[in-house]
Amino acid sequence: MKRKRRHSKRIREAIATLALILAFSATGFAQEPQAEQPEKENNVIVLDKVEVKAAPHEQGKIVIDRDKLDKLPSATGSITESLRIQSDIQFDESFGSSLQGGEIAPPEISISGAKPYETRFNIDGLGINNYISPEGFSNSPTGFPSAPAQSMFIDTDLIDSIKVYTSNIPAKYGSFTGGVVDAKIRDPKKKFGGKLSARHTRDKWSNQRPNDNDDFELSSNPENQPFFSRYDGSVSIDVPLSESTGALLGYTIQHSTIPLHYMDDMKDQYRANENFLAKLVHDFDSETSADISFLYNPYKADNFTASSKDSEYQNYKNSMSLALGFEKKLDLGKLELRAGYSETENRREAENNVHTTWTKLHGTSTQWGNETRNAKEGGFGDSETTQKAFSSSADFTTTELELGPTTHTFNMGVSLENVFGTYAYLDDRTAYYAPKNSSIVKDNGQGGVIPGEQYTMLKSEIDSSNGSANMNLLAAYLDDTLTFGRLTLRPGLRVSYDDLLENTNLEPRLFTSFDILGDGKYTLTAGANRYYGAPIMSYALRDMTPTTYYMRSLNSSTGELSDWRKTRTTGTKEYNLGEMDTPYSDEITLGASAEVLGGIASFEYVNRKHRDQFSTSIIRDGGDTSYILSNQGRTDYEGYTLKFAKNINENHWVSLSATYSEKETNFADYADQSLESGIAGYDFSKVYYDGELINRTDLPAEAFNRPWVVAFVYSGKFFDRLTFTNTTRFASAMTTLVKKGKYTDNDGVNYYKYEKSNIDQLVTFDWQLDYEAWKYKNQLLTLNLSVMNVFDATSIVDRDGNKVNGRQFWAGATYEF
39 MKRKRRHSKR
49 IREAIATLAL
59 ILAFSATGFA
69 QEPQAEQPEK
79 ENNVIVLDKV
89 EVKAAPHEQG
99 KIVIDRDKLD
109 KLPSATGSIT
119 ESLRIQSDIQ
129 FDESFGSSLQ
139 GGEIAPPEIS
149 ISGAKPYETR
159 FNIDGLGINN
169 YISPEGFSNS
179 PTGFPSAPAQ
189 SMFIDTDLID
199 SIKVYTSNIP
209 AKYGSFTGGV
219 VDAKIRDPKK
229 KFGGKLSARH
239 TRDKWSNQRP
249 NDNDDFELSS
259 NPENQPFFSR
269 YDGSVSIDVP
279 LSESTGALLG
289 YTIQHSTIPL
299 HYMDDMKDQY
309 RANENFLAKL
319 VHDFDSETSA
329 DISFLYNPYK
339 ADNFTASSKD
349 SEYQNYKNSM
359 SLALGFEKKL
369 DLGKLELRAG
379 YSETENRREA
389 ENNVHTTWTK
399 LHGTSTQWGN
409 ETRNAKEGGF
419 GDSETTQKAF
429 SSSADFTTTE
439 LELGPTTHTF
449 NMGVSLENVF
459 GTYAYLDDRT
469 AYYAPKNSSI
479 VKDNGQGGVI
489 PGEQYTMLKS
499 EIDSSNGSAN
509 MNLLAAYLDD
519 TLTFGRLTLR
529 PGLRVSYDDL
539 LENTNLEPRL
549 FTSFDILGDG
559 KYTLTAGANR
569 YYGAPIMSYA
579 LRDMTPTTYY
589 MRSLNSSTGE
599 LSDWRKTRTT
609 GTKEYNLGEM
619 DTPYSDEITL
629 GASAEVLGGI
639 ASFEYVNRKH
649 RDQFSTSIIR
659 DGGDTSYILS
669 NQGRTDYEGY
679 TLKFAKNINE
689 NHWVSLSATY
699 SEKETNFADY
709 ADQSLESGIA
719 GYDFSKVYYD
729 GELINRTDLP
739 AEAFNRPWVV
749 AFVYSGKFFD
759 RLTFTNTTRF
769 ASAMTTLVKK
779 GKYTDNDGVN
789 YYKYEKSNID
799 QLVTFDWQLD
809 YEAWKYKNQL
819 LTLNLSVMNV
829 FDATSIVDRD
839 GNKVNGRQFW
849 AGATYEF
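All residue numbers for the sequence shown refer to the numbering used here, where the first residue is 39 and numbers rise by one.
Derived from the structure by calculation, the hints contain no laboratory data.
Among the hints, erroneous ones may be present.
[As the list claims (entries may be wrong)] Straight-line Cα separation of at most 25 angstroms, PhoX-like style, residue types lysine-lysine; simulated pairs:
no. : residue 1 : residue 2
1   : K242      : K347
2   : K305      : K242
3   : K815      : K109
Go ahead and model the full structure; you've got the sequences and the hints to work with.
Next up, the structure:
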């Protein structure tokens, strides 16, 4: 451990030294501007040259505009995937795996060591976070419905720009401990026009490399997808209604077909993600505008349980939002008002709510499925969660005010977010099991019988249940961008309150920059900030109703079955919020930036201490179990980032970023899904790791923990028709965890057993080529080719030894008019 820390220290010192060289040595090349005397040419006075100062580089802020979004290669067309061009944002290792080429959901991200659900996601300034169950999609047919951190999957075809804050985040933003991703829907254009695009890929165009190819080809599990076919399409129309009013209509779809083995045949699973957009913008005058937008985002995934007949079920994530905006430029500053209403429904619809286990022995009629002794059929009923949110905000930024030798620009505002959440297990669920052969058994009308063949001896029942909760998130903020000579300070304070946890939080923010030469070319920066997160409503909503068990017997002489007889009822499983503090993150930053080689080079050091993070405590009282959300989680993060970006000319641009980071955490996420598996004889609160039993929350970090990440992007236009974009991403090797069976103690209690597993370093090159094949007046036909993992990298990217998806081709076309 000491050797590792010494090695890390050397790396930090080397990067810090390089950053100082970057900040200061460049000043040696600076020259004082020479004053030139006015000249006369042909009686025309030529004035002295006017020097235009460059806008200062903002540490911790990233902006990806529409032009760059159009050029970046992408497998999902999602907001989060577009952030792969930044090295200081870590990605879920499952993204890009060779196992799931048919999946279309956006990748999860981590900013500054935070969990994915600790990032704030905004669309047009209003939040779209999933507050109820943000631990990601689950393919399980049972349990509490869950979904990713962002409640809407918006295609970047509809986006104007994406603003990302990774550090030094202004007081305007709250309800996060990681970072902020703020996307803006594009406005209607002033001229009538439109755009249509389509593209396609399939498994034959993709080099898949699973750990065991033979088993992969025979897969009946959606975690392994040997065959797939994907189609993406979009259409948008800009309609100017008058000189001051315009409308935008847009539609996008991503559709995937995934054939899998089911019973003795093949059966297709489907994925579909759609966006419906309508936006209206009206300019009252050059200083005043208003807009209204409607977004509808249905997502659907078809699934089945491979070993069970009639077990189909569908997962839905349907979201909609209605948002209004108003902007007014006043003599004193700029006023922005926004209000919105959104709904998100995560629902699982099953074919039925009765599950039966039959026997295959002695030539019964139930000869289906891939199990040797038993055949299964049926499902586990319907369940859903809903989230309804009303959001409003008022933001005012003053014009620059001069007070003595200082100038001030104040930003102030208030926000309110009201969230109402529900969950429901909509059906009573029944399971019949422990089958026995009998040639004389008669059907008594109480289920689990095939007359003259077999019957089940045992049954369990779980009643339907539901719950609801409401919370209000209120905040007010103020910051002042104060300039005194070459020094700029931005002190700020955000005050927030939520009535679910009943906490009032003070979030001081401070950012400072020093302009070394006074021309904006060379700056030093520092920051000290506190960020508070938002509550998770999951444990305020759900509980697990008791399971009741029954048994019955057969009269071997008459074939009559007895009535079901109750044998026991499990203890309750309760989920509670407990007395909790709001999770927070304390941040210290140092940085420098300089104009180098016609571009902007920068260095940033970020130190984060995440405290009071949500984790789960388990309390058992006899047969009753309580899962209590607590503040036992903690994460420490250090990151060092070097960046360089340059617009070479109007047709070529390049960016490079490299990040070295270290992260230590004592938990995986706020709720471990395996705790709900209900397997008898297992204790899920502890695991066997590195030769001893430890608490599950003490397992080392297993995700979003690549020490080195480098991202390089080049985009250029050639021959006035061909645009080529390369994105290269390097991620160093890391150690993760792999589940290796079970460990049984002297009392016969079972625990999951984990061992260390190495994940290879990974270098991928993704290319996007757009060729303008036909032009006529305002019409343009462009042929598109995307090549992901161009050089067919073969790195292992998961704990089971599976490799990154190899070279993959996308072919498409875009028509604009």
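Structure versus earlier hints, numbers of those that do not hold, lowest first
Checked against the structure, the only hint that fails is number 1, while the rest are satisfied.
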